[in-house]
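Enquirer: The residues making up each chain are set out below.
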Amino acid sequence: MSVLDANFRRELEIRRYPMLVYALVPLAALVLQAWLPRVLGRYAWFDLPLVVTVYFALGQPTPIQGTVLGAVMGIFEDALSHHAIGINGVAKTVVGFVAASVGTRIDVENHTIRLILNFLLSLLSGAMYVFVYRILLGLELDWTWFTELFKAIGNSLIAVVLFPALDRLQIRD
Amino acid sequence: MESFFARYRDLIVLLALLLAQVIGLAVQVHHTAAGTNTLDSPDGSGVRLIRLWANATVSPPERLIHAVKLGAGSLWLDYLDLRHVRQRNQDLQKTIDRLRLEQAALLEDARQGQRLQALVDFQQKYIYTTVAAQAIGSSGSDQSRVFYIDKGANYKLARDMAVITPDGIVGKIRDVFPNSAQVLAINDQTSGAGVILETTRTRGILRGNALGQPQIVGILSDNRIQPGEKVLTAGGDLIFPRGLPVGVVEKVIRDPERENFIDVIVKPAAHLDRLDEVLVITATEPRFSTEQQQDLTTSQTLMGAEAAAIKEQKKASAIMAERLPGLTDPNAPAATQSSTPATGQPGQTPPTPAVIPEQGQPKLLHPQHPDRFTPNTAAEIPTDASPAPAQDTSPDAAPNVKPKPEQANPQRPEPRRNP
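Residue numbers (this note's numbering), protein chains in the order written: chain A, 1 to 173; chain B, 174 to 592.
Calculated from the structure, these hints are not laboratory results.
A couple of the hints might just be wrong.
[What the hints assert, rightly or not] Think about it this way: if two alpha-carbon atoms lie no more than 20 Å apart in a straight line, the pair counts; the simulated EDC-like pairs of lysine to aspartate or glutamate are: (1) B/440 x B/371; (2) B/424 x A/142; (3) B/267 x B/282; (4) B/242 x B/423; (5) B/440 x A/148; (6) B/403 x B/423.
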């Protein structure tokens, strides 16, 4: 439990953004996630809300904001699907918490670390999704590992491009 | 206590959020009598409210993106991408000149083609009422094969209406909002459509698999099912009209969970991944144009008049048959027609013609009593219960016999009524 202690955190630079960025970037991620699969078809191997959740969670001083953002993004995704509301919510809540917890301890400015973090957190999100759907709810779900693997790779590549672009929107003193 | 909350504030928030969502999930799932869990359908009011908010948030930007995409495409094609247009114009002018020459030769063929086309159009005319809509967005999840269209309750769309394209079926409406609707595609795992294989007439249920491919599940192993066979809607699900194209069989695989069962992977006829415009069947009652309705009314009127005329003719025939004497039914039983030749001797049965008349030819009936008007019957003995006097039966004496009052009637030829 010591890793969850506030004293364990490293000294990091707290990122701040305009309020408009906090509102528009998640919304854009949700809209693009809903629209792009129509263009790309079955090759839409990415989860933009997850990438945005990870990005904002990594830069927060406490895990609470990342956790709440993950919950909101996940619930939005569920609401746009026909599944029960809360499946993605639970998965992204956990991802947001883990990302924020990790972000307070390691240097997340490095591109390689960002890439690896996104890959692992995407796999965690997929595993949580399957866990909630199959185990917690006891519903039938046909599911393949390689799809989650491709999605994790896609998320990692998008993060490498998207994170520096979002870094430019920070409020710098 | 305060330090405890401060120390574990992050964990408490995490657990609170997770607990709230798990409780929300538990509310939405219920246990069925079959022992399995299933989601509530339709959604509860609270869940529907959340979906409505999400849709209201995401749909306007999606509409904007869709409009921008169309506008950008139009701008690019009409104004920007104009390279080599002059050369292309010259080429097209030459092509037009050549085509004008060919046009005269093809004119007759074209007229024939137009006639055939009109025939095919008439044959293929769709009689159900549909509403055209554009696909504007999707769920964004490969586990939820749903998409959104730009028409909703304002266009009288309702849940469970079939969504099709001219190529084949697409899905059904799962949820309706004022200006948009959510469509559950046939390649979703939770979808279900009754289908039938065109050649083998095997029925099954179509649903999606993990890869987003529609497949027919729960079919016993059947070697007759081959790739390329057409799949049509069976019409039993009360959503899709019968006979709509679904796709063709792509391959047949063994059901991994059940022995002796197979899964038939179907290549959908509609391009489910790239849908732009779809049709929503809003009513399955046959729709006829004004001209067709007038034709139907005229046809029914004529049929009624013709039936009345036929009935009148039959009635007149029956009356005439009753009034016409001497005609008998050629199909009358042979027992009533004795083959004994006429002898004119007392005590013998009345004679009848030796040759049975041909079918359809009228035959003169034998009179019930002898008379002097009917040839060869003057001395015959009637067969009825009132025997004639013996002295009146001689052929030579017959003309001289003065009829008695009680014999006046029997001596007159009486018409016999047809049965």
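Enquirer: Now tell me if each hint is right for this structure.
Expert: Verification of the supplied hints:
1. B/440 x B/371: holds (14 Å)
2. B/424 x A/142: Measuring from Cα to Cα gives roughly 19 Å; hence the hint holds.
3. B/267 x B/282: violated (23 Å)
4. B/242 x B/423: violated (34 Å)
5. B/440 x A/148: Given that 20 Å is the threshold and the Cα spacing comes to 24 Å, the pair is violated.
6. B/403 x B/423: holds (10 Å)
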